[in-house]
Amino acid sequence: NAGVTQTPKFQVLKTGQSMTLQCAQDMNHNSMYWYRQDPGMGLRLIYYSASEGTTDKGEVPNGYNVSRLNKREFSLRLESAAPSQTSVYFCASSPPGGYSNQPQHFGDGTRLSIL
Amino acid sequence: GESVGLHLPTLSVQEGDNSIINCAYSNSASDYFIWYKQESGKGPQFIIDIRSNMDKRQGQRVTVLLNKTVKHLSLQIAATQPGDSAVYFCAENANDYKLSFGAGTTVTVRA
Numbered sequence: 001n002a003g004v005t006q007t008p009k010f011q012v013l014k015t016g017q018s019m020t021l022q023c024a025q026d027m028n029h030n031s032m033y034w035y036r037q038d039p040g041m042g043l044r045l046i047y048y049s050a051s052e053g054t055t056d057k058g059e060v061p062n063g064y065n066v067s068r069l070n071k072r073e074f075s076l077r078l079e080s081a082a083p084s085q086t087s088v089y090f091c092a093s094s095p096p097g098g099y100s101n102q103p104q105h106f107g108d109g110t111r112l113s114i115l
Numbered sequence: 001g002e003s004v005g006l007h008l009p010t011l012s013v014q015e016g017d018n019s020i021i022n023c024a025y026s027n028s029a030s031d032y033f034i035w036y037k038q039e040s041g042k043g044p045q046f047i048i049d050i051r052s053n054m055d056k057r058q059g060q061r062v063t064v065l066l067n068k069t070v071k072h073l074s075l076q077i078a079a080t081q082p083g084d085s086a087v088y089f090c091a092e093n094a095n096d097y098k099l100s101f102g103a104g105t106t107v108t109v110r111a
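Just so you know, the sequences run in chain order Z and X. The opening position of the first sequence corresponds to residue 1 in the working numbering, with each subsequent residue numbered one higher. The opening position of the second sequence corresponds to residue 1 in the working numbering, with each subsequent residue numbered one higher.
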């Protein structure tokens with residue numbers, strides 16, 4: 001049972017470099033999400049995709065772009081990485097019904113450091 | 001600012017005792033609440049959820065209590081085990097697709 005798979009698990013970038021974080025789920029979920037987690041803080045929503053073909057901004061979208069490639073895959077792109085984007089990034093998915101009815105299932109994260 | 005918060009950032013509990021983790025929320029329109037457990041190096045793992053039309057829900061060794069009057073949520077863990085050591089997050093559905101997370105409580109189980 002793979003669930004939500006994120007790649008890579010670790011990455012170090014230099015300021016200004018670009019990077020795409022990959023996420024795939026095998027649970028046939030409609031909705032997918034990208035969060036960042038910083039020390040002492042809860043998860044903050046960057047972008048989400050309610051269903052295939054749609055994406056929307058979350059709480060902290062600046063500096064990021066996303067692509068819902070198909071129902072399984074949802075990628076997060078940093079076009080020009082900044083030190084403030086050093087964080088742990090989590091992808092999640094949920095069945096139809098969005099947040100209001102179903103819990104989200106999370107991957108194990110990508111630990112990103114920007115120098 | 002965040003609408004969900006935990007009362008204490010850390011909790012130390014003796015193995016075998018019961019644990020209670022508290023959470024306060026501020027949005028009275030929230031209708032769905034979730035508790036997650038996060039172990040070191042892992043993603044959050046779903047523990048239990050509760051909808052606003054309920055005030056108590058039980059799972060295996062866990063119970064969630066919801067008090068809408070004072071906007072308070074708690075997670076009770078019975079007979080705490082070493083494997084329960086983790087960070088626990090509460091989350092609320094403020095509106096569709098915008099789940100708000102608290103900062104987390106770190107639970108340490110003493111042998």
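No lab work stands behind these hints, which were simulated from the structure alone. The C-beta atom is built at its ideal place from N, Cα and C for all residues, glycine as well. Hints are not guaranteed to be accurate.
[As the list claims (entries may be wrong)] Restraint ranges, calculated between C-beta atoms of paired labels, are given here:
(1) GLY83/X x MET27/Z: 35 to 43 Å
(2) ALA78/X x GLY16/Z: 50 to 58 Å
(3) LYS71/Z x GLU39/X: 41 to 49 Å
(4) ARG57/X x GLU59/Z: 26 to 34 Å
(5) GLN60/X x PRO96/Z: 34 to 42 Å
(6) PHE10/Z x GLN60/X: 28 to 36 Å
(7) GLN45/X x MET41/Z: 34 to 42 Å
Hint-by-hint comparison with the structure:
{"no.": "1", "hint": "GLY83/X x MET27/Z: 35 to 43 Å", "in the structure": "violated, 25 Å"}
{"no.": "2", "hint": "ALA78/X x GLY16/Z: 50 to 58 Å", "in the structure": "holds, 52 Å"}
{"no.": "3", "hint": "LYS71/Z x GLU39/X: 41 to 49 Å", "in the structure": "violated, 29 Å"}
{"no.": "4", "hint": "ARG57/X x GLU59/Z: 26 to 34 Å", "in the structure": "holds, 27 Å"}
{"no.": "5", "hint": "GLN60/X x PRO96/Z: 34 to 42 Å", "in the structure": "violated, 26 Å"}
{"no.": "6", "hint": "PHE10/Z x GLN60/X: 28 to 36 Å", "in the structure": "holds, 33 Å"}
{"no.": "7", "hint": "GLN45/X x MET41/Z: 34 to 42 Å", "in the structure": "violated, 19 Å"}
Checked against the numbered hints given earlier, this structure breaks hints 1, 3, 5, 7; the rest are met.
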